[in-house]
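Undergrad: Each chain, written out:
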Amino acid sequence: MRRLTGVIGAALGLALVLASCGDGKSSSGGSGSGSKSEVIAIAADPLEYINPLNENGSPGIQIAMAMFAPLVTTDPNTGKLQNVMADSVTPDKTSQTWTIKLKPGNTFQNGQAVTAKDYVDSWNMTAEGSNAWKNNGFFSKVDGYEALNPPTADGATPKPTAVKTLSGLKQVDNLTFTVKLKVPFSQFGLTLQYLGLAPLPEEVRKNPDAYKRKPIGNGPYKLAADWNAGDDIKLAKWDGYKASAAPEADSITYRFIPNADTAYNEFLAGNVDFTDVPSTKVKSFKTDAPDQWVTSVSSGANYLVFPAWDARYKNPKLRHAFSEAIDRKAFADLVGLSDPAKGLIAPDINGYRADACKYCDFDASKAKADLQAAGGFSGVVNISYSTTSATGQIFAEAIGNMLRQNLGLQVKYTGKQGSEITELADSRKLDGLRFGGWGHDYPSIEDYLTPMFKSNGDANFAGYSNPALDAVLAKGDAEPDQDKAIKLYQQAEDIALEDMPLIPLYTKSNAYLHSAKIDPRVSKYVGVSALWATFK
Amino acid sequence: MIRFVLRRVLAAIPIGLVVTLGVYALVFAMPGDPLRELAGDKPIPAAVLAAKRAQFHLDDPFIVQYLLSMKDILTGHFGTTFSGGDIADQLRLRIPVTLKLTLLANAFQWTLGLFFGIYAGFKRNGWVDRSLLLTTLVLLAVPGLVAYFAAQYLFGVELKWFPVSGVLEGFPRSYLLPALVIGVLGFAGLARLLRTSIVETVNADYVKTARAKGLGEQRVLWRHILPNALLPVITFIGLDLAGMFGGAIITESIFNLPGLGQFMFQAIKLKEGGVVVLLSTLAFISFIVINLLVDVLYGVLDPRVRNV
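Just so you know, the protein sequences line up as chains A and B, in that order. Quick note: the first sequence, position 21, residue 21 per the numbering used here, numbers continuous. Counting from 1 along the second sequence, just add 536 to a position and that's the residue number in the numbering used here.
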C-alpha cells in the first residue's frame with residue numbers, strides 16, 4: 001500500500017510541478033494594470049492578413065475599424081452622417097457624380113500624408129478583378145467597372161486587364177477626387193463609411209503581400225508588437241491620429257477564440273473584457289454575468305423564404321396565408337432575445353416602420369380562409385434548415401408545426417449544410433421553404449431592399465422580380481432629398497410585402513458581456529462597440 | 537530486422553495512396569461550395585470567385601485536383617489556404633502544439649494506466665482493483681465533449697487552477713488541463729487491458745514454475761509476468777498514440793489550442809481538400825512510423841514474431 005500512495009503522490013506532484021512552472025507570464029487578463037487596456041475576444045479563426053480592401057468578414061473589419069479611419073461615419077448619438085477623413089461628400093444634382101474632399105493634415109502611420117491619390121489608387125487596385133480582393137464588388141456601381149472585370153469563363157483565371165483604372169474615378173487635386181456612378185444613387189454617401197474602402201499608402205500598394213502582417217493604417221491604433229499568423233493582435237494607440245475623437249483605450253488585444261463557448265468561459269474566468277454571447281448561452285448569460293451584459297437591437301432581419309420557381313407557391317394569397325399562420329410572438333420567444341418582425345427592415349434603420357406588414361399578425365382562421373381563397377396547397381411543404389446551426393432543426397420544426405396545426409398542411413424537414421442550401425436556391429433547385437437573414441453593409445433602408453428584392457439583387461434569396469418595385473427603387477436611388485428618398489423606398493417595401501416573396505419572422509437582439517472595467521458604447525444607431533468603450 | 541522494416545515501408549506506399557485518395561474523395565463528395573462557406577452570407581463578386589476557383593483548381597475534375605494536391609505535397613509546395621493563410625507557416629505553428637499536447641496527454645495516460653493496471657492485476661479483487669474497475673467503467677462512459685467543457689469550467693473558470701484556453705502561458709501550463717482530461721479519460725482502456733492481461737499471465741504455468749523454482753516475487757513480476765503481459769498493451773498503446781490525432785480535433789477546438797486538429801476542423805468545415813489530404817498524409821505517416829516501432833518492439837519482447 002505504501003508504494004501505491006507513493007506513485008499517486010508522484011503523479012500529483014508531477015502535475016503540480018508542471019502547473020507551477022509556467023513561463024512566468026502573468027495572466028493576460030483584463031483586470032489589473034493601471035493603463036486603459038482591454039482584451040476583446042473574437043469568436044472566429046485567427047486572421048491571415050490585415051488588408052481592409054481584401055476583407056469583408058466581421059473579424060477583419062473589426063480590426064480595420066481600429067487601425068483604419070473611414071471617410072465618414074454614423075454619429076452614435078444622432079444617427080446622422082459625420083465626416084472623419086472626408087471634409088465634404090457632395091453629390092451633383094442627379095446623385096450620379098460625387099465629389100469627395102479630404103481634410104488636410106491627416107497622415108498614414110508611416111508619416112506620409114493621406115491624399116486623394118491614395119484613395120483613387122487603392123480603389124482601382126480593388127476594382128481590378130484579377131487581384132481577387134474581396135471588396136471588388138463594391139465598385140460595381142462605378143463607371144468603368146466592366147473594363148476591369150471582363151467576363152471570364154468558369155475555371156479560367158481572370159487575366160490582368162490592359163485598363164488599370166476605373167473611368168468613373170478621377171483625382172481632381174491633392175485632396176479632392178470624384179466618383180461617377182453608372183446610375184444615380186442617392187445613398188452613395190452612406191456607403192462611404194464602410195471600412196473596406198480604407199486607403200492603402202503607396203509602399204503597401206506596391207507590394208500588398210509584404211505588408212499583410214504589418215499594415216500601415218491611418219486610424220487610431222497601430223500594431224503594438226510584431227504579429228505572426230495565429231497570434232493575437234495587440235494594438236497600441238497611435239499619436240498621429242487627428243481625424244476625429246479617438247477611442248479611450250491605450251491598448252487593445254484582440255484574442256481569436258474560434259469556439260464561442262470557450263470565449264464565453266474565458267470571460268467568466270476574468271481573462272477577457274468583452275465577448276459576444278453565443279447562441280447556446282442566450283438563456284443563461286444574465287445570471288452567469290449579472291450586471292456585466294448589454295444588448296442592442298441588431299441590424300439583422302430574419303425571414304422565411306419561398307422558392308419563386310416553384311409554381312405551388314406562386315399565388316401571393318397563399319403566401320399571405322402562410323404568414324398569418326405563424327405565431328411570431330411564440331417563435332421569437334423560442335429563438336430568445338428576439339422580437340416578432342412585421343416589416344422587411346431592421347428596427348435600427350432610418351425609415352423602419354413597426355407595422356409595415358399587413359399580413360404578419362397571427363390569425364389562424366384568416367390564414368385558413370386565405371389558403372382556401374388561394375385554392376389550397378397540394379403536396380408536402382418541405383422546410384430546409386442548416387445542419388451547421390445548433391438550432392436550425394428546432395426552428396424548422398416550430399414553423400412546420402404552426403403550418404400543420406393552423407393550415408392543416410403536411411410538412412417535412414430537410415437538414416443540409418448552409419452553403420448547400422444556398423447553392424440549391426441559386427440554381428433554382430431548392431424544393432420548399434428555407435430560412436434567410438440579412439444585415440446591412442451601410443445603414444440605409446435601401447440596403448435591405450436592393451440586395452433582396454431588386455431583380456437579380458445580390459442577396460435575392462427568393463429569386464423574386466417585380467418591375468414595379470425595381471422602378472420605385474430606381475426613383476429612390478435618383479432622389480437627392482433623403483427624406484423623399486426614404487418615402488420612395490418605403491413604397492418599395494410595401495410592394496414587396498404585398499407580393500411577399502419572403503415572410504418577415506423576427507429581429508434578434510445581440511447580447512454581449514463586458515468586464516466591470518469597461519462600459520461598451522451602446523448606440524441605437526451603430527450597435528454595441530467594445531472599441532469605443534469608456535473606462536471606469 | 538532491416539528487411540522487415542524496409543518491407544513495411546514499401547508496403548505503406550500503396551496503402552498511403554489509397555488512403556489519401558479515399559480521404560480526398562470524401563472531402564470532394566461533401567456537400568456545399570467551399571468559397572460560399574468562406575464568404576458566409578455575403579455575396580462574392582464574380583471576378584473574385586473566378587480567380588479563387590482557378591487558383592485552387594476547384595473546377596477541375598476530381599482526379600486532377602487530387603493529383604495536383606499530391607504533387608504539391610510531394611514537392612513541398614503547400615501553397616495557401618482558401619482564406620489566404622500560408623500552409624507551411626501554419627504547419628510550423630501547429631505541429632509543435634499538437635505534439636506537446638499528445639505527448640503530455642500520453643504521459644498522463646501511460647503513467648496512470650500502467651500503474652493501476654499492473655497493481656490491480658497483481659492484487660486482483662483487492663479494493664484498488666474493485667474501485668479501478670468501477671471508476672474506469674464510469675470514465676469509459678463519459679463523452680469527451682462533456683468532460684472537456686466541464687473540466688474547463690470547473691478548473692479554469694471556477695477554481696482558476698489552469699488557464700481556460702489558448703497557449704498564452706506556454707508549455708506545459710497551457711497544455712496541462714486538456715492533457716490531464718485526455719489522460720484520465722484515456723487511461724481506463726489501457727488499465728483494464730493491462731489488468732486482464734496480467735491476471736491471465738499470473739495464472740500461467742510458466743509463472744507457477746518460476747515460483748516453484750523459488751524465484752523472488754519481484755523477479756517473477758519483472759522478468760516473467762510483465763514482458764508477456766505487456767505484449768497486447770504495446771499494440772494498444774501504438775494504436776492509441778496514432779489515434780490521438782483524431783481526438784485532438786475536439787480537444788483543440790474546446791481549449792483553443794492552435795494545433796493540427798483545429799486546422800483539420802477548419803479545413804473540413806471549408807471543404808479544403810488539399811489541406812485535409814495534407815494533414816491526413818501527415819497522420820498516415822505518423823501512424824505507419826508508430827506502428828513500425830510497435831512491431832519492432834514486439835519483436836524485441838517476443839522472439840516468436842521476429843521472422844513472421
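In short, the hints are calculated from the structure, not lab data. Accuracy of the hints is not assured; some may be wrong.
Unchecked claim - Some chain B residues well away from chain A (every beta-carbon gap over 10 Å; in silico): (1) A561; (2) T611; (3) K696; (4) V700; (5) L729; (6) N827.
Stated by the list, open to error - Incomplete in silico selection of chain A near chain B, CB under 10 Å: (7) G137; (8) Q393; (9) Q417.
What the hints assert, rightly or not - Quick look at which bits of chain B chain A covers, simulated, 3 or more residues with Cβ under 8 Å: (10) 618-630; (11) 677-687; (12) 785-799.
In this text, all values refer to a predicted model and were calculated from it rather than measured experimentally. C-beta atoms are modelled at their ideal positions from N, C-alpha and C, and glycine is treated no differently.
Undergrad: Tell me, which hint numbers fail for this structure?
TA: Hints 3, 4, 8, 11 are the ones this structure does not satisfy, whereas the remaining hints hold.
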